[in-house]
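Which chain is which? The protein sequence lines are W and U, in order. All the letters of the first sequence, read from the start, carry residue numbers 23 to 400 under my numbering. All the letters of the second sequence, read from the start, carry residue numbers 31 to 407 under my numbering.
Rather than coming from a laboratory, the hints here were simulated on the basis of the structure. C-beta atoms are modelled at their ideal positions from N, C-alpha and C, and glycine is treated no differently. Errors might be hidden in some of the hints.
Short, incomplete list of chain W residues facing chain U, as computed with Cβ under 7 angstroms [stated by the list, open to error]:
(1) Ala296
(2) Phe333
(3) Phe364
(4) Ser366
Lysine to aspartate or glutamate pairs mimicking DMTMM-like chemistry, simulated, CA-CA at most 20 angstroms apart [as the list claims (entries may be wrong)]:
(5) U:Lys391 with W:Glu248
(6) U:Lys362 with W:Glu248
(7) U:Lys362 with W:Asp68
Far from chain U, by Cβ distances over 10 angstroms, these chain W residues were calculated [to be verified]:
(8) Tyr58
(9) Val97
(10) Trp135
(11) Ile168
(12) Leu183
(13) Val199
(14) Phe297
(15) Arg302
(16) Pro329
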Amino acid sequence: MSEAKPIGGRIFTWPFMACLAVVLIAVYFLAQRFIYGLGAVTNMNDGYPWGIWIAYDVVIGTALACGGYAMALLVYVFNRGEYHPLVRPAMMASMFGYTLAGVSVFFDIGRYWQGYNIFLPGFANFRSVLLEVALCIGTYVLVLWIEFAPAILEKLKADRLKARLNRIIFVFIALGVLLPTMHQSSLGTMMLAAGYKLSPLWQTGFLPLLFLVSALMIGYAVVIFESTISCVAFRRPLETDLLGRLAGVIPWILVIYLIIRIEDVNLRGYLPLAFSGDLRSNMFLLENTFLGLALLILLYPANRIKPRLLFLSAVFIMCGAGLYRINTYLVGFDPGNGWQYFPSVQEITITFAIIAAEIMAYIWFVKKLPVLADLKHA
Amino acid sequence: MQAKDFDRIRDRLNGVSRRDFMKFCTVIAASLGLPLEMAPRIANAITSPRRPSVIWLSGQACTGCVETLLRPSHPSLEHLILDLISLDYNETLNAGAGHQAEEEMQKAINENAGKFIMVVDGAIPLKDGGIYCMVGNRPFVDIVREVDAKAGAVIAIGSCASWGGIPSAAPNPTGAVGLPEVLKNRTVVTVPGCPPNPYNFLSTVLHYLTFNKLPALDSSGRPKFAYGRLIHENCERRPHFDAGRFANKFGDEGHRLGYCLYKLGCKGPQTYANCPAVLFSDVGAGAWPVGTGHPCFGCTEQGVGFTIPLFTQAIIKDPTPAAGQPPISDEKGTGISVGSAALLAGAAGVALGAGAVFTKKLGQYGDDDQGNSAGGE
Chain W
23 MSEAKPIGGR IFTWPFMACL AVVLIAVYFL AQRFIYGLGA VTNMNDGYPW GIWIAYDVVI
83 GTALACGGYA MALLVYVFNR GEYHPLVRPA MMASMFGYTL AGVSVFFDIG RYWQGYNIFL
143 PGFANFRSVL LEVALCIGTY VLVLWIEFAP AILEKLKADR LKARLNRIIF VFIALGVLLP
203 TMHQSSLGTM MLAAGYKLSP LWQTGFLPLL FLVSALMIGY AVVIFESTIS CVAFRRPLET
263 DLLGRLAGVI PWILVIYLII RIEDVNLRGY LPLAFSGDLR SNMFLLENTF LGLALLILLY
323 PANRIKPRLL FLSAVFIMCG AGLYRINTYL VGFDPGNGWQ YFPSVQEITI TFAIIAAEIM
383 AYIWFVKKLP VLADLKHA
Chain U
31 MQAKDFDRIR DRLNGVSRRD FMKFCTVIAA SLGLPLEMAP RIANAITSPR RPSVIWLSGQ
91 ACTGCVETLL RPSHPSLEHL ILDLISLDYN ETLNAGAGHQ AEEEMQKAIN ENAGKFIMVV
151 DGAIPLKDGG IYCMVGNRPF VDIVREVDAK AGAVIAIGSC ASWGGIPSAA PNPTGAVGLP
211 EVLKNRTVVT VPGCPPNPYN FLSTVLHYLT FNKLPALDSS GRPKFAYGRL IHENCERRPH
271 FDAGRFANKF GDEGHRLGYC LYKLGCKGPQ TYANCPAVLF SDVGAGAWPV GTGHPCFGCT
331 EQGVGFTIPL FTQAIIKDPT PAAGQPPISD EKGTGISVGS AALLAGAAGV ALGAGAVFTK
391 KLGQYGDDDQ GNSAGGE
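So here's chain W without its partners, still in its complex pose:
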C-alpha cells in the first residue's frame, strides 16, 4: 500500500476565490428557489419536469463521480493492486460528486420539505425506478464517506478507530461496487419509462446497459483527467506510466459500448435518422464522434504514454459519454404538445456552482488530508 500525504499550501488561491464567487451568486439564486419555488428560478415546466439539474448535476455528475467505482472495481474486484495510488483521490472525487448530486436532487424536489419521506418505507413508492436511484445514491454517498473515512481518521490521528474500520471496510468496498452498478443502470432505466417521447436514436432496451458501460468509461477517463490536472496544478510529477496502463482498459469498454450503441440503432432500423440533419441527429453523431476519436487515440499503445493524447482522449470520453446522457435526458426527449425547455441563467449558474463547489472541496481536501500519494514513496 502506498502512503498518502497532505500536500499543504495556501487554501485561498485565485482559482479557489473564483469558484467561491460563483458559489456565492448561486446561493442567492438558491435562496430564491427555496423561498419562491422552482418556477422563480428555473425554466422547468410540465413538459420538462427534469431540467439541467437532473440531466447534468445528477445524471452526468454521478457519472463523473464514477472514478471511485471504476477504480474499486479494478483494484479490489480484479485485484490489480498496482493502481492503488489512484484509488484514494478517485474515491474522494466520487464522494464529492455523489454528495453534491444528492444535494442537488433536493434543489430539484418541488416540495423539498417532504423529501425525507423517500427514506420512510411507509411513504416510499417501491414500484418507482426513481426510488431505487434515490435510495441507491443515498446509500452510496454514505458508503463513499465511510470508504474515505480512513483518510480523515489518519488526519485526526484516530488510529484505533481506523484499525477497527479497516477490519470491516471490505463490506463497504463491496457495497461501493454493487451500488453504482445498480443505480447507474437504473439511470438508463428511468428514461425507458419515457417511451415514445424519447427519440428512437436513444430509446432502447439497452439503455440500462449503455448507462452502466458509459459510467465505467467516464470513470476511468475522469481518473486520468483528474490526475493529470492535479499533477500539473500542484506541480507534481505526472503519473503517466500508471495512467497509460490504466488507459489500456478503456478501448475494450469503448469498443463494446460503440458496438452496442450503433448496432442497436441500426438493427432497429433507425440509423438513417442519424443523418436527417436536425439537432437530434447531429447531437447523436457528435456524441459518437467524440467516443470514436477517443477510441482512435487509445487503440494505439504508443499514444497511451503521451500525456497530451492521454488527456485529450479522457476529455473526449467525458464529452461523448456526457453528451450521451444529456441527449438521453434532454435533447432526445420531446414530451409533445409544443413543450420546450432550455435552462435559465439561474439554473445554469447553480449547476456551475455545483462544479465550483466540487473543485473547492477537492483543493481543500488534497491540501489538508492525506489523499494524494506521497512523492517519496510513489
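For chain W, the structure is supplied; the task is to place chain U on it using the hints.
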C-alpha cells in the same frame, strides 16, 4: 327608419316589407364592410324623395351585367334594384325605344347635370373611329364622352367596361378598350367580373348615395371593399391546396371530393375578388365557381381573365410557405434566452480555452517526463 319614411317608398317596392327592406340595407352595409349602424343611413339615402338618376349605357356587351342585377333570388330584390335608383336610361329595360328613348336620356342628363351616375357595361371599340359599335347612328365612344361631360360619377360594370373583357381578347379586331382607357381624366369606378356580383355594384352606388363620395379604390379603380383580397387566400378549398390534395381531372376522385382546383387551371392565386365571401344569387353556401367545382378563370383581373388559357396553371402571387406539417399545438415553456445562451457559450469558451492551454502545457512534459517534476520544487 320611421314607418312613415318607409311608407313613401312602399308602393315602389312592390310589397317588400319594411323588415325585408331593412335587412337588405344591412346586407349592403355588411358587404361594404361598414358597421351595421350604417344600415339606417343607407335606408335614409334610399328612401329620400330624390332618387338618384342613373344613365346606363351599353356598349360591346352581352347584357350579362344587367341580367345579373335582375337575377338575385332574394325576394323582390330586382324591384329594389330598379326602384332605389331612378334608372332613366337602359337599353335592355327601357319601356320606350328609338328616338323616344334617346330623348328621355337627353332630358334626364340635362335635368340632373353634374349629379347623375353614369354606368357603362360593355367594352368600347376605338378602331376605325369607333364604327364597330353604333347606337342611333353615332359611334358609342362619342356617346360615352358626351354623357361623361355632365355625369357626377362614373361606374364601369363588368369586365368589358372595366378593361375590355372578351371583346378586347386577342386579336381584338375592333380595338375594344375599357371605360378607364376612354375617360383618362376621370376617376372611373370599375366593378369587373363576368358577371360582376350585383352586391358589389349596389354597394358602390349606395356608398356614393350615403356618403356623397366614392369608396376607396385600388390602382385599377376597383372598390377595395370588394376587390382587396386574393381569392386563393380566402378560398374554402385552400386547406386542400396546403395539404397537396388536388383534382387532376374533371370528374376524378379528387374533383368529386372537393379538392383544390389549382391543377385544373384555377386562377384564384392571381385574382382579387370577394366571390368566396359574398357568393352569388343568394342561394347559400358554395354558390360561386370554385364552390361548384369549376376553376376560377380570373374574370376580375385584367391580364388573367380571357387572356391566360383556362387550363394554364396560375402563378402563385404571394408564395406562402408550404404548411407541410404546421404545428397544431402552441409553444409552451421557456426556450433559450440570450442570457442563458451567452452563459453556456461563455463557459464552453472558457473550458475550451483552458483545455487548449492546458493541453499545450502538457506537451512540454514530453513523453518521458514520468516521475520528474515539471517546474515545481
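Hint by hint, where does the structure go against what was stated? Just the numbers, ascending. 1, 6, 16
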